[in-house]
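Here the protein sequences come in this chain order: A and B.
In case it helps, our numbering puts the first sequence at residues 158 to 275.
In case it helps, our numbering puts the second sequence at residues -1 to 110.
No wet-lab data here; the hints were simulated from the structure.
Only a predicted model underlies this, so the values are computations on that prediction, with no experimental measurement involved.
Keep in mind that the hints are not guaranteed to be accurate.
Computed, partial: chain A to chain B, Cβ under 10 Å [claimed, not checked]:
# : residue
1 : V194
2 : E203
3 : D219
4 : Y252
5 : G257
6 : F262
If you anchor each label on the Cβ, the simulated ranges turn out as follows [as the list claims (entries may be wrong)]:
#  : chain 1 : residue 1 : chain 2 : residue 2 : range
7  : B       : K77       : A       : G167      : 37 to 43 Å
8  : A       : A232      : B       : K106      : 38 to 44 Å
9  : A       : Q170      : B       : N33       : 42 to 48 Å
10 : B       : V11       : A       : T272      : 29 to 35 Å
11 : B       : V11       : A       : A232      : 46 to 52 Å
12 : B       : G60       : A       : T185      : 41 to 47 Å
13 : A       : G201      : B       : L109      : 47 to 53 Å
14 : A       : S182      : B       : P10       : 37 to 43 Å
15 : B       : S18       : A       : N231      : 28 to 34 Å
16 : A       : A232      : B       : P6        : 30 to 36 Å
17 : A       : G211      : B       : P83       : 41 to 47 Å
18 : B       : S18       : A       : S164      : 37 to 43 Å
19 : A       : N188      : B       : S12       : 40 to 46 Å
20 : B       : L109      : A       : Q267      : 24 to 30 Å
Quick reminder that beta carbons are idealized off the backbone N, C-alpha and C, glycines included.
Here is what each chain is made of, one letter per residue.
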Amino acid sequence: EVQLVESGGGLVQPGRSLKLSCAASGFTFSNYGMAWVCQAPTKGLEWVASISTGGGNTYYRDSVKGRFTISRDNAKNTLYLQMDSLRSEDTATYYCARRGRGNYFDYWGQGVMVTVSS
Amino acid sequence: DVLMTQTPVSLPVSLGGQVSISCRSSQSLVHSDGNTYLHWYLQKPGQSPQLLIYRVSNRFSGVPDRFSGSGSGTDFTLKISRVEPEDLGVYYCLQSTHFLWTFGGGTKLELK
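Chain A extracted, bound-state conformation (with noise of 0.2 Å):
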């Protein structure tokens, strides 16, 4: 079974940092791509950052460049997203979700809520 287990969100003053973390079992991790989404207090979904499946090719949405960093080790079967200078307008549940083979992300985890305020 495909399980997704985010950690390390919680409360954090603005310009601050914080680093979440996405432990994956039940498939072979180092076989597919990663990703990052959230979703603000009571709205929609937007996609943040993806990996590839060796890590070598990141991308991210305009409004995160520069101040988060996504990266995996293959080893730890584990996924992260290191988030610096961190704003009010970054609070949201972040889940981190597999992306598929046909380009959609097939499986999430149950997400881990990140509070940016003083």
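Chain A is fixed; fit chain B onto it per the hints.
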């Protein structure tokens, strides 16, 4: 960015009834490889999104045949027949033809 517009925003339904949700894109979603990367998700209250339909009309593993997807180009539809209580929640379309991938704003399916 490709804008995805879903209608309606809210959709009241009676159990056992049939509904349709529309998703329109600001550009054609036909990829240069010939595929159309338009997908549908359901987010039940308090849960993460779950994949229902991929590439317009293919049901994901375990999804009942009450769910069907259709459409082409810029116009797509999700139909749900014989609505059951577990179908309630917010439905999203996602396009992954063009970078960056974008979601529709969501359609909330709720009881009348």
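(message) Flag every earlier hint the structure violates by its number, smallest first.
(response) When the structure is compared with the hints, numbers 12, 13, 15, 16 turn out to be violated.
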